[in-house]
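> Protein chains in written order, with our numbering: chain X, 1 to 279; chain A, 1001 to 1279.
Be careful, since some hints might not be right.
To be verified - Ranges between beta-carbon positions, derived for each pair:
(1) X:A275 / A:S1178: 49 to 59 Å
(2) X:P86 / A:E1087: 32 to 42 Å
(3) A:M1251 / X:A223: 22 to 32 Å
Hints are computed from structural coordinates only; laboratory data are not their basis. All of these numbers come straight from a predicted model, not from anything done at the bench. We treat Cβ as the ideally placed atom computed from N, Cα and C, and that holds for glycine.
Protein chains: 2
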Amino acid sequence: METLSVNRAHGGEQGVYRHASTATGTDMTFSVFVPPHAEGETLPVVWYLSGLTCTHANVTEKGEYRAACAELGLIFVAPDTSPRGPEVPGDPDGAYDFGLGAGFYVDATEEPFAANYRMWTYVTEELPTLLAAYFPADLERQSIMGHSMGGHGALTIGLTFPKRYKAVSAFAPIVAPSRVSWGEKALGGYLGPDRAAWAKHDAVALIEAGARVPDLLIDQGEADVFLAKELRPELLEQACAAAGQKLTLRMQPGYDHSYYFISTFMAGHLAWHAARLKG
Amino acid sequence: METLSVNRAHGGEQGVYRHASTATGTDMTFSVFVPPHAEGETLPVVWYLSGLTCTHANVTEKGEYRAACAELGLIFVAPDTSPRGPEVPGDPDGAYDFGLGAGFYVDATEEPFAANYRMWTYVTEELPTLLAAYFPADLERQSIMGHSMGGHGALTIGLTFPKRYKAVSAFAPIVAPSRVSWGEKALGGYLGPDRAAWAKHDAVALIEAGARVPDLLIDQGEADVFLAKELRPELLEQACAAAGQKLTLRMQPGYDHSYYFISTFMAGHLAWHAARLKG
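Whole structure, please, built from the sequences with the hints as guidance.
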């Protein structure tokens, strides 16, 4: 693992790192904030999965999470959103919503994407192992959150591993990718036309199939331009109501899809995670 | 005045605006955060002056000021650091430390800079007037802070108008531009070789000449690569001690010159300003 930068911030250390990933077959870059802590102490880990077009850098620069993580004693990890590199195939038309910056947190089975687009394995297996090797991370206390496409990732990963992730929350997540155009394009492109393969990467479908977590927290801006067409939180709300899955869905008047929205509610989400990571 | 963007954030509105400046003869862009407030209420204004190479965007994205401004009821204004445009002359060698992005908060008298590089007048006269016309700003309650070159601007403007700005603070400021290479280049380039003209743009020289404010707050990272050669806070410390000027200079171990440093101490500075802006 190579250290690209480390900066003191809020009493801890904000680092950016690169490593050769076996999951993706590429170099991968990620950021980690380690708050102030006692020598030898291990700390709970909050995973933050970013949205379309983002890298680790967006939340690292604009997420306003460090003050809260320092206060609450949380490690904050931000992976990239896809493999990258000259050898990695992207969207055939160069669109922003598939390929580079748009891995959708799945292990692709379709060619030419299957070799590199393995973000599910990368985020749930490879990077946690790396984290525990190099940072004071307690993998018995992990939680997960994300934004938009990363909210989709957080929900599907959290619902798949309810014992591993002690808290699951999202900002403006894609809740039902099988039923919106971003998701249909991505899941079709990575997993092929058989929609049966999509269900385990669709939070609504997972809940309908019986997946459960203790509770879910979601903030969603009412002025988000993607709300009606791509995000559709009402589908999650209906599925949770039908299934008896506890959900706190907070519609936030005036807020859009940007980091101005995310940063506003970040500290609240981190406090909610910290309460569930005690132990 | 043209609105470039407005985003809801922390209960208020973060906007970016452009206007044709009479001071600089160019279009100028700046950002304003207006916190939640009662209809008809006017609010105190904190001016934030940025450092070399920056625009309004750096602090707007990375400064982590909105939560504190929302809590404290402060308007936060971030101007650009120089005039810009195809007609504006820059550094003859294209260097980062003079010309575009490096206005040094002076009114240039040397050609070819005198026509556009009038950041002193822009920040102290034109932009406050514009602000009061379009925002719920109470110009009887202004304060000023800045980073690096902008710390120099905040100190020199604050020391020049001690009644107008109720609080003056800085992150890693250039305190004695007449005595460091960044400052010698800039003040020489904008004001000419006669160093007598530089003194009113040098915080240490101003204090030595009798300028006073009730107190000054400065945070300075000890791992700042510009500390020894360009920033030299010990010169301000000595001048304040000799003059009886109250100064709180906090050397911060491990912190560098970046926004990771600034954002760490931003909320503390804003609370310090808010306490002095009451009334």
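> For each hint, tell me whether it holds in the structure or not.
Do the hints match the structure? See the list:
no.	hint	result
1	X:A275 / A:S1178: 49 to 59 Å	holds (54 Å)
2	X:P86 / A:E1087: 32 to 42 Å	holds (40 Å)
3	A:M1251 / X:A223: 22 to 32 Å	violated (44 Å)
Consistency note: the structure conflicts with earlier hint 3 alone.
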